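*Asks:* Sequence:
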Amino acid sequence: MKIIGRIDKADFPELTLENIAIKIDTGAYTSSIHSHDISELIENNEKILEFEILDPAHTHYHDKKFRTKNYKVKAVKSSNGVVEKRFFVKTEIVIFGKNYPIQLSLANRGEMKYPILLGRRFLNKKVLVDTTLKNVSFDLKQAEQ
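Each residue of the sequence shown is one higher than the last, beginning at 48 in my numbering.
Bear in mind the hints are in silico, worked out from the structure with no lab data behind them. Incorrect hints may appear among the rest.
Okay, derived cross-link-like pairs now, DMTMM-like style, lysine to aspartate or glutamate, Cα gap no bigger than 25 Å in a straight line [stated by the list, open to error]:
id, residue 1, residue 2
1, K172, E158
2, K173, E139
3, K49, D177
4, K188, D177
5, K49, D186
6, K56, E90
7, K112, D102
Each pair of labels, with its calculated beta carbon distance range [claimed, not checked]:
id, residue 1, residue 2, range
8, G157, N91, 26 to 36 Å
9, I50, E87, 19 to 29 Å
10, E97, K145, 24 to 34 Å
None of the values given here were measured: they were computed from a predicted structure. Note that the Cβ used here is the ideal one computed from N, Cα and C, for glycine as well.
Could you put together the complete structure from these sequences and hints?
*Replies:* This is the structure we're talking about:
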């Protein structure tokens, strides 16, 4: 089993994100990504979720609207204890050179330092967390290039 630190960088190919900062949070159950302009649409009698990720000021921002039919809506308790409706999308993350499926909650993380948070649901049985380390996966990727 790989050991990951408290922060790292990962790729999300389906979201056109490469080497983006992620925070590892064993206190959070779900993983999330900073999103905005989230709307549920109906086209041809099918529900479609449309959203943007990151903020225009972020270096990885692409000014691109993502659309998916593959999403869920769930009630989630936020870090301040408030239960809110959140949209979840399935995508893929690349860490330690390996692709993993991941479910991300679309959340307003604009006030947070890291736009992406990886929670226990994803981390479980994939990695061990050592809070004294950082950028372990990213450093390995750099060394291999």
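*Asks:* Hint by hint, say whether it matches the structure.
*Replies:* Here is how each hint holds up against the structure:
1. K172 / E158: Violated, because 30 Å separates the two Cα atoms, which is more than 25 Å.
2. K173 / E139: 14 Å, holds
3. K49 / D177: Distance ~10 Å between K49 and D177 Cα, so the pair holds.
4. K188 / D177: Answer holds: K188 to D177 is near 19 Å, not above 25 Å.
5. K49 / D186: At roughly 13 Å apart (the allowed maximum being 25 Å), D186 and K49 satisfy the hint.
6. K56 / E90: Between K56 and E90 the Cα gap is close to 36 Å, so the pair fails against 25 Å, i.e. violated.
7. K112 / D102: Roughly 12 Å separates the two Cα atoms, so the pair holds.
8. G157 / N91: 26 to 36 Å: At roughly 33 Å between Cβ atoms, N91 and G157 fall inside 26 to 36 Å, so the hint holds.
9. I50 / E87: 19 to 29 Å: Check failed, 39 Å falls outside 19 to 29 Å.
10. E97 / K145: 24 to 34 Å: 30 Å, holds
When each numbered hint is compared with the structure, violations occur for hints 1, 6 and 9.
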